[in-house]
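Protein chains in written order, with this note's numbering: chain V, 1 to 570; chain S, 1 to 582.
Quick caveat, the hints were computed from the structure, so don't treat them as lab data.
You may find that some hints are simply not true.
Counterexamples of contact, computed for chain V against chain S with all Cβ distances above 12 Å [to be verified]:
#	residue
1	Asp13
2	Met183
3	Gly223
4	Asp390
Listed next, the stretches of chain S that the computed footprint assigns to chain V, with coverage defined by at least 3 CB atoms under 8 Å from CB atoms of chain V [unchecked claim]:
#	segment
5	87-94
6	167-181
7	452-465
Glycine residues also receive a C-beta, built at the ideal position from the N, C-alpha and C atoms.
Listed below are the residues making up each chain.
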Amino acid sequence: MRSLPLDHPGVADHRGPGRFLWWMARGQWQTLLGGMIFGILTMSAQAVMPAVLGRAIDRGVAARDTRQLVLWAGVMLGVGLVYAVAGIMRHRFAVTNWLIAAYRTVQLVTRQAVHLGGTLPRKVSTGEVVSIGSSDISHLGQVMDISARFAGAVVSFLLVSVILLSTSVTLGVVVLCGVPVLMLLVGPLLRPLQARSAHQRQLMGELASTAADIVGGLRVLRGIGGEQVFLARYRRESQTTRQAGVQVAKVQSLLDALQVLLPGTFVVLVVWLGAPSAVAGEITAGELVAFYGYSAFLMIPLRTVTEFANKLIRARVSARRVCRVLSLTPDVTDPETLLPSPPPGSDLYDARSGLLVRAGRLLAVVSDSPDESAHLADRLGLAGEEVDDDVTLGGVPLTGLARAEVRSRIVVSDTGAQLFSGPLGERLDVGGRGGVDLALFTASADDILEALPEGLDTAVTEKGRTFSGGQRQRLVLARALTSDPEVLVLVEPTSAVDAHTEARIAARLREHRGGRTTVVTTMSPLLLDTADEVAYLEDGRVVATGTHAELLESCPGYRAVVTRDAEVPA
Amino acid sequence: MSPALPVADGPSVRRYALELARRHPRLLGSAVGLHVLAAAASLAAPRLLGGLVEAVEEGTTLAHVDRIAPLLALFLLIQTVLTRYARYRSQVLGEQVLAELREDFVAHTLDLPVGTVEAAGSGDLLTRTSRDVEQLSWTTRWALPEWTIAVVSAVLIFAAALSVGWWVALPCLLAVPPLAVGLRWYLARAKDGYLRESASYSQINATLADTVEGARTVEALGLGRQRIDAADTDCADSYDAERYTLRLRTAFFPAMEVSYLLPMVGTLLFGGWLYTRGQVTLGEVTAATLYVQMLIDPVERLVAILDELQMGAASLSRLLGVALVPDDREVSGAQPLDEKLEARDVRFSYVEGRDVLHGVDLDVGVGERIAMVGPSGAGKSTLGRLLAGIHPPRTGSVTVGDVGLVELPLGDLRGHVALVTQEHHVFVGTLRENLALAAPPGAGDVEIRAALDAVDALEWVDALPDGLDTMVGSGRRALTAAQAQQVALARLVLADPHTLVLDEATSLIDPRAARHLERSLAAVLHGRTVIAIAHRLFSAHDADRVAVVEDGVITEFGSHDELVAAGGSYAALWDSWHGRGS
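Same shape as in the complex, but just chain S:
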């Protein structure tokens, strides 16, 4: 199993939650205060009604009714107005807290060492950025405020019921055993059950997306039966998960209903008995019964929201876990003397004990073009990443102007050396936003357009209906592979590093677009030091020097002509490439 990203423990989640609450003392105080007042206002009605019932029994006048009715109306209005502001304040607070939470999380995620994310697999991080953030948003915007309100109401109503008479506490105690046992049993099982349930729907969606987006492949290879079976299996799995949670609720819901019912029946019986003994008035019995009935609603909500809160806490602990990943960079403050890139006896391993680079030395002169060739898995890409400062070497050093790449702050590093891989990720957003990612502060449309022009892309960008404002990325307007590549290259022009590491930057490109792109690439490379990891040999041919990487070491290093003359593995490849025997 791959090492998962860390998860924060219970105490640190609670600490963080408290910290968040403390950041907004006024908002939190006013929201809770208003809720308390609103709940207090709501307590008048049963009391007044109880009084009225008693007065009716004892024979009263209409004047009494005319006094009570306006009072009822007044308390109702007060409660309405207080509820409005209490709800508003708490929703604003929820939004505020949520925004801080997600921004903190994204900031930490952006700082994650690439190696850690890759080792954990992208699935883990994707779950955190999507499902956990969504769960937490539901929790902070809805569940937490509702729960707080329910608690406040329940406490006040219970207090009001007690104010009618201490005897009311007795029937209320009847609810405690079923409530406590039911909750304990249910909460121990609910979280896993609901997580499994929601994962089963993600699986249904993923399979459907696979089938639909790969419909052509499904037809070509006759995979229809397999896809149908996969969908049916997903549904069956989901049904299993649903049946489990349904079983939980089948036991839990009735248990809760009974625990709400018992106090009400109990209050009526007990109150009625006390009334026959003359110990309480009819008004008190009525008011007490109505209060206990009133208590059902907040308690029901309080209970129903608990599993939401539980899942919210689990999501929060995963989001906070991201901040626990140790940084793999140590900024020293040293300034590079020049732009000379050097690797000295570099060894590196992704998995402990299994080095993929075994002592690589490389000097790259300023303005030099170096091509790196070699079989897949030989360590070319890894070396490229080390040369771009993405990973620190396990031993040895990679320096620019005698300063280690991992000692430079990320912002400075990219002015020296940048890396472009075969992944031409287009971010969701406008084209402008996609390009501005790499632009120095203060760069505007002029610089962006100039960069696009340099890579020969301005023409199609201007032809888009919304130009630079066109929304691109997953689910938006799809760019062709060639266009995505040009965007990646334009970003480089904007980032303007002295040294470029190109990791098979053109390899995923359809050959039909390659020629056009080579022109764009030439514009980017102009005037820079370039280390190109390439499989198209004609680009190696034009490099100043070619490094052949095999089994984690550089086995051949020299100009194209030298290597061809030397008759090594590069020469053999070159020959077969030109159709001269193999």
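One chain only, chain V, in its complex shape:
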């Protein structure tokens, strides 16, 4: 078996679901072929079993011929062993096929998410992309998985047809036509079953998210005493789900009964039609027993074919979703001709707002509308939706530089910045250059570390949920500081920490960045007071610059925004 995952998933053909599936199948044709060969072998062994049993009864038992009996019993054992060995080989290939498709999809989508970066949430709902991991990979895997059994089903159906027709044309025709017709009769039942099952699954999903909510919401519930109301609601939903389950059971049990009735009908039919031939000596007793076996066996390939059709339909839906994500392009792409890189220590300037960020200084940005500052921060780092030439570094428009260069020189850490799971130390030291301890000190996050028994080796859980909001914010700040870029843009870096901590961060930030360009959008007087310069924006334009003290003195608009004297809560 090959080693998984692949080193590189390749470049997918995402022009349509059919092409995508074909591209995927081509990439794993060897294992698909292997699965099909063993699939054919397995089902063929299963298919000839009734014939072998019939011969054994005829030539061995009925003829009282011990040699023949042993011979046919041996054949039966041999066929059974072929079935067992080929069966497990088929299973191994099928699982491998499933895994290749699933892992490859995960790899493709991860690489695409990285490629899209900030564009992703703007162009597609993140939930839709995440659901590729939770459901689509298994649908794509299943269609590759079932190919082995599908091949076996087709071949074994043909094999049995030949055997039947060569024994008795009447019986052969009855079985070969009758089985598919009866399968079709089941069809009308399948639709309500699928609808009811889907309804039940949806309710179960909702019920599960209600229960999972307890974990995140227990503190909230305890705080307001909502436990009983919550429980009553859960019971209600649980009972609705149960009712839906009973509705499924009504149809499902009918279908289960049909699984008894349909093959059984053939047994009756074969006996009724075949027995006269047997009585007349046209077929042997053993052949009659074999017919009994075939009619039961034929249900298996037919069910497999139906299953294949269903899985193919689902896989196409999944492939369509994957294609949609894979075909997106990032808002910002590298220019066709790169402009010469500005030297380190260049000023950053935004023509639209008139904001000048002098190299090596700590600049604070205050806006009458905080949305405006966040928007400006995005533009400074070329992370916004619209792309224009207004922002220049050392006179060179950012759009003229390679995207990777902009990202490495200018880092924007916004309020939505996410902490990733993994060992804390590694997650903070993004560039692998060290300096985490100092950054944690500056971000006044050393106390967080002290409380963790495993220190920097502590595993961060999903999105850092085990940390409080204030702790998360300080860790994110420490991470941004560790990345130590030429220009660091921090959006509201202390909005969730208490005043004591904020005071410490403010006192340490300037020294930490010493000589590197830093932009902070904030309304905190503690931070503003330590900035080299403060720029005040109104309606997206810089209207005043100076130190915090100067602006407090000279600019009434600024004073109103920063001290909020105008409005104090009652």
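Starting from the structure of chain V, add chain S where the hints point.
Okay, now just chain S, sitting in the frame of chain V:
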């Protein structure tokens, strides 16, 4: 390691399972009874066919065939009808049992002491509420009924085979050694293997979700390579887990196939030999071989489901474990005399031997506003939780009207004192359901709308396409942080406690929304006693008294003006906040 939540032991799981079964004697009895009858009806065909084969060999008439065929049809119809009702009854039973199980579990979970959940980490409880409930649902709805049916069929078919002749038991014994050895070997390894496998897929999903939801951060900090490596590592781990279970099956499946094959071949050989000696008839050999062949299907299912049952039992023991957590509240029945909140010499520790509060005394007058300030980690939040009765103090007391908070039933407690933290959890459900959580019994839309109006939120709620029926929470319509906060505040209006503890209730809010929210907050606070843990000093400024908490004790306590005049740490902070030196 954090202390995990308890897990119930084997005997109590079995006791509980039996108890559940006993709750539904009629449903269980009728389901099993019908299955027995259905399986019995299915036994006619091989017998009739065997008879027919023998008759054909001996030379018979068409009349014999015409007698047997309708009989076959009749038994088939009986079996079909019985199967329908047997399956229906057992599926209904499965749904019933499952509903009771999950409701019991949720009821116990809601009673868990918050401290226990936090110490164990949310991951443990999340696994129980999601993966274990799902596993158990699969087990009770599908695996258990299927298994029962398989057992019933296997037993009856075996009995039928024996009724053909006692000699049939001999070839069947051939299956026992490979079956027993294979099962023992496989079941000892399967559970851990499959658990690891399913955990590996959770990990793949978690990493993908992290990458996708943090795509912006990934780009900003150049984390692309790291995310790609993380995904590839997850796939490699998952492949390891898959390869392990695949190895198990590679040994187990063929062993099982052989153990099904041996009795069939054996029956044929042995039966044929007996027939040549004239000890059995051809019909008996045929019937016996067909019965043994028929036995394969139920035995195969019975075996295949065993690992499912094993995992179901493991999940059940984790769900039942939640009920084993001791309660940290002791309801005494005493009634508070008034609404005066008092803390006396309160000490508290999350970890034994490491107190985070070292003897705190606090008297809160009715209607008073108290602000609590202090550095992170000083114990403000812990004190807030004790004042809201979330945790009992280790020593000392927290009382309202001279009754300990942990002596009050939870339902009563919240009429006295409620806590709002910086977590503005929005529950999955409609907005109405989110608000009704805090409403007194009988409150309707009128009260809910009034509460929303009080916090200034009615306008945006009415602007939603479905108004109060809008689905919100994880995966549904996302509320902004400010809206989530307003919902939290509206819940408080509905809960209507005399005393409110606000733990940095506005801290996670974007400053851009803060002003609007302060108005909402003012409406909630009106007429109540308030203890606000805050980092925005301008709210401390307006409090009646300010308590400075440092290192687990209250170091300064007095009005804003008094503390500024005293020149302590509060005064220093206040000065730097106003840009007057630092």
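Of the hints stated earlier, which fail here? Those not satisfied are hints 3, 6, 7.
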